[in-house]
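Let the sequences and hints guide you as you build the complete structure.
Protein chains in written order, with our numbering: chain B, 76 to 588; chain V, 107 to 251.
Worth flagging that the hints you see were computed from the coordinates, not collected in a lab.
The reader is advised that the hints may include incorrect statements.
Derived coverage of chain V by chain B (criterion: at least 3 residues anywhere in the stretch with Cβ under 8 angstroms from a Cβ of chain B; other residues may be distant) [to be verified]:
(1) 131-140
(2) 163-175
(3) 237-248
Between beta-carbon pairs, the in silico distance windows are [stated by the list, open to error]:
(4) R264/B / K186/V: 54 to 62 angstroms
(5) P565/B / E147/V: 38 to 46 angstroms
(6) E257/B / E147/V: 35 to 43 angstroms
(7) F122/B / E169/V: 19 to 27 angstroms
(8) G440/B / E167/V: 53 to 61 angstroms
(9) S142/B / R176/V: 51 to 59 angstroms
(10) T175/V / I322/B: 38 to 46 angstroms
(11) V562/B / D203/V: 25 to 33 angstroms
(12) E167/V / K323/B: 38 to 46 angstroms
(13) G513/B / T175/V: 43 to 51 angstroms
(14) E147/V / R164/B: 19 to 27 angstroms
(15) I487/B / K186/V: 51 to 59 angstroms
(16) G440/B / H242/V: 25 to 33 angstroms
Glycine included, every Cβ here is placed at the ideal spot set by N, Cα and C.
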Amino acid sequence: MKHIILKSFAALIFSSTAAFAQESKGIDETVNEIFASVTGPFVSLIFAPLPGTSFPWIVLWLVVAASLFTIYFGFVQFRAFRHSIELVRGDYSDPEDAGEVSHFQALATALSGTVGLGNIAGVAVAVGIGGPGATFWMILAGLLGMASKFTECTLGVKYRNEYPDGTVSGGPMYYISKGFTERGIPGGRILAVVFSVFCILGAIGGGNMFQANQAHAQIAGITGEYPGWITGLVFAAVVFAVIVGGIKSIARVTEKVVPFMGILYVVAALIILLVNFDQIGWAIGQIFEGAFTGLGVAGGFVGALIQGFKRAAFSNEAGVGSAAIAHSAVRTKEPITEGFVSLLEPFIDTVVICTMTALVITISGQLMIDPATGNYILDGNSIQTVGGTSGVALTSAAFATGFSWFPYVLAIAVVLFAFSTMISWSYYGLKAWTFLFGEGKTAELIFKVMFCVFVVIGAAANLGPVIDFSDAAIFAMAVVNISALYVLMPIVKREMVSYQARLKSGEIKKFKN
Amino acid sequence: MAAKLVIGLDGSDSGSRAVDYAKKLASLIGDCELIVVYVIEWSPYTFQSAEENAVRHKRREEEIEAATTRLVNPAVEALKAEGFKARGIVKHGDVADLLDKTAVSEKADQIVVSRNSEGGFVQRIFGSATASLVMHASVPVTVVG
Numbered sequence: 076m077k078h079i080i081l082k083s084f085a086a087l088i089f090s091s092t093a094a095f096a097q098e099s100k101g102i103d104e105t106v107n108e109i110f111a112s113v114t115g116p117f118v119s120l121i122f123a124p125l126p127g128t129s130f131p132w133i134v135l136w137l138v139v140a141a142s143l144f145t146i147y148f149g150f151v152q153f154r155a156f157r158h159s160i161e162l163v164r165g166d167y168s169d170p171e172d173a174g175e176v177s178h179f180q181a182l183a184t185a186l187s188g189t190v191g192l193g194n195i196a197g198v199a200v201a202v203g204i205g206g207p208g209a210t211f212w213m214i215l216a217g218l219l220g221m222a223s224k225f226t227e228c229t230l231g232v233k234y235r236n237e238y239p240d241g242t243v244s245g246g247p248m249y250y251i252s253k254g255f256t257e258r259g260i261p262g263g264r265i266l267a268v269v270f271s272v273f274c275i276l277g278a279i280g281g282g283n284m285f286q287a288n289q290a291h292a293q294i295a296g297i298t299g300e301y302p303g304w305i306t307g308l309v310f311a312a313v314v315f316a317v318i319v320g321g322i323k324s325i326a327r328v329t330e331k332v333v334p335f336m337g338i339l340y341v342v343a344a345l346i347i348l349l350v351n352f353d354q355i356g357w358a359i360g361q362i363f364e365g366a367f368t369g370l371g372v373a374g375g376f377v378g379a380l381i382q383g384f385k386r387a388a389f390s391n392e393a394g395v396g397s398a399a400i401a402h403s404a405v406r407t408k409e410p411i412t413e414g415f416v417s418l419l420e421p422f423i424d425t426v427v428i429c430t431m432t433a434l435v436i437t438i439s440g441q442l443m444i445d446p447a448t449g450n451y452i453l454d455g456n457s458i459q460t461v462g463g464t465s466g467v468a469l470t471s472a473a474f475a476t477g478f479s480w481f482p483y484v485l486a487i488a489v490v491l492f493a494f495s496t497m498i499s500w501s502y503y504g505l506k507a508w509t510f511l512f513g514e515g516k517t518a519e520l521i522f523k524v525m526f527c528v529f530v531v532i533g534a535a536a537n538l539g540p541v542i543d544f545s546d547a548a549i550f551a552m553a554v555v556n557i558s559a560l561y562v563l564m565p566i567v568k569r570e571m572v573s574y575q576a577r578l579k580s581g582e583i584k585k586f587k588n
Numbered sequence: 107m108a109a110k111l112v113i114g115l116d117g118s119d120s121g122s123r124a125v126d127y128a129k130k131l132a133s134l135i136g137d138c139e140l141i142v143v144y145v146i147e148w149s150p151y152t153f154q155s156a157e158e159n160a161v162r163h164k165r166r167e168e169e170i171e172a173a174t175t176r177l178v179n180p181a182v183e184a185l186k187a188e189g190f191k192a193r194g195i196v197k198h199g200d201v202a203d204l205l206d207k208t209a210v211s212e213k214a215d216q217i218v219v220s221r222n223s224e225g226g227f228v229q230r231i232f233g234s235a236t237a238s239l240v241m242h243a244s245v246p247v248t249v250v251g
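As structure tokens, then:
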């Protein structure tokens, strides 16, 4: 059966390649136009600026929430940092639970959904428009975002569904509906449904079309231009094989290769930084100076701030609610422990990996500086770069100044990251879908096939409308999720206070020393 | 005080050689309990997809069930039928580490394992569970060839 599906897909690709090659430009443009006109109003609403400013209200929404959680939980991201690492190491794991999902595995799974294009392309966009100063705001947003993650992932584990057959389902839709009922507040079910709708859109947008789009751009950058829907079909076939065909071998290979790629990326960045260690001081200076003056970027320091906050949120997804789905499968008697573990996620994703990318771009000298003023030279809204590059290409060019062969590795990494993010988001979207339409083979199959169709559309559409829609859908999830987190945060606080008291009294013991 | 022997099963023919040898020892000792241990190789530091995590608890139960009914119970029943005092344990984790830990917690006098059945490239690089057990064990280990 699986082979038949695969073969028919392959046949479809080859026959359509020949037939449609002539009219491909037309197809791509049509898809693009329809897409932009349909999604336009939704995007404008989500990114509407605060009256009288150019500051999108949604960015403020995320940062205010993260700051409030940080204060409400008494700077938990700093106080519990060490304990979080001990939890991931398994110091507090009961040996009798061996064979269950460990804290490490839950964290690694969640990270494979967030580490990806946001860290490579997103950071390049932030630094390319907002200058190195955007990095400062990105790190700050990452540090604050740790508290948002802590809140949502604790709830994700606490209110997950455990079915009689031993499988689990968790995420904002479950904690919103159950948590509201528990607190006696009406409207939980409706809010959970709204979240699920946005989650499905986010899965199809940022978790799918954006990824397909960027993967195509990477491949086309190496092979030369060709129609996007061809990449889309190939990607759709592989995604289909994994999520519908259940071909575990492909998933297993990516599971092994993706972490390896992530480590390789960080090591390469570290080597470039070490080689140029004499410039690190200057780069950090640029980051701080740019953070408060903008160093001539469009919109000044506010421009840097908006870019930094926006890209941090898109990269680590803190407050969005997606991570709560991934973290909810862990085996633990204390939901709060997964909250502690999850706060490492924005740290690794944003504070470590995104900062590496930003430092490498800054040090590489790809961003052009006017020697007379010391400010960056603008080309429209963004900073002029040496090769006129932006997005992934800018990161690629920056890494190429250290290793000329790195763009090839980066291209492979981007394609693999895109693929693993798609697989992760197909699961998030599926959970939201089954929350709405019930768990069942047919309902699941409809979503999975639809997901694959959008891979093709994503690869064929131009970047502009796709990236806008992706951001908008994912941020719309945060509107609902954070509203619910405000209602449910006293529950998390109670868990935290109780746990920390028991930890202090020695009731909760380490199993390993 | 009765003697206790921990037998490491690996689900192969060489594993049953370990059982045969343990029987011989038990007969010589007289009052001796045999603890048959099967370890399902597992690490908390692997990478899994979200979907695998969601069904992990179910899979774990299935793995324990399969190991118990197919390997450990038949071995224990066979030992009992021959008049030995025997029981079985199934656990997830690192083979060498868990055999040793079980021996310590059960206060066993000795661990009996077979020489590794699987050979080849991987074992040359990473070493076998048996070799690792011999090097780190807290109680005497007998390796049956």
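Comparing the hints with the structure gives:
1. Check on the segment 131-140 of chain V: 0 of its residues sit with their Cβ under 8 angstroms from a Cβ of chain B, so the three-residue criterion for coverage is violated.
2. Only residues whose C-beta sits within less than 8 angstroms of a C-beta in chain B count toward coverage, and the segment 163-175 of chain V has 6 of them, enough to reach three; the restraint holds.
3. Restraint check on the segment 237-248 of chain V versus chain B: 0 residues with Cβ-Cβ distances below 8 angstroms, three needed, restraint violated.
4. The hinted window of 54 to 62 angstroms between R264/B and K186/V holds, with their beta carbons roughly 56 angstroms apart.
5. In this structure, P565/B and E147/V meet the distance hint of 38 to 46 angstroms, their C-beta atoms being roughly 43 angstroms apart.
6. Distance hint check: the CB atoms of E257/B and E147/V are about 41 angstroms apart, consistent with the given range 35 to 43 angstroms.
7. Between F122/B and E169/V, the C-beta spacing of about 49 angstroms breaks the proposed range 19 to 27 angstroms.
8. Checked against the given bound of 53 to 61 angstroms, the beta carbons of G440/B and E167/V, roughly 57 angstroms apart, stay inside it.
9. The beta-carbon spacing between S142/B and R176/V, approximately 56 angstroms, falls within the hinted interval of 51 to 59 angstroms.
10. Between T175/V and I322/B, the C-beta spacing of about 29 angstroms breaks the proposed range 38 to 46 angstroms.
11. Between V562/B and D203/V, the C-beta spacing of about 45 angstroms breaks the proposed range 25 to 33 angstroms.
12. One distance hint, 38 to 46 angstroms for the beta-carbon pair E167/V and K323/B, is violated here, with the actual separation near 19 angstroms.
13. Separation of G513/B from T175/V is about 34 angstroms and departs from the stated range, judged on CB atoms against 43 to 51 angstroms.
14. Distance hint check for E147/V and R164/B: the Cβ-Cβ separation is about 20 angstroms, which falls inside the suggested range of 19 to 27 angstroms.
15. Here the CB-CB span from I487/B to K186/V is close to 57 angstroms, well matched to the stated 51 to 59 angstroms.
16. A hinted range of 25 to 33 angstroms for the beta carbons of G440/B and H242/V is inconsistent with their spacing of about 52 angstroms.
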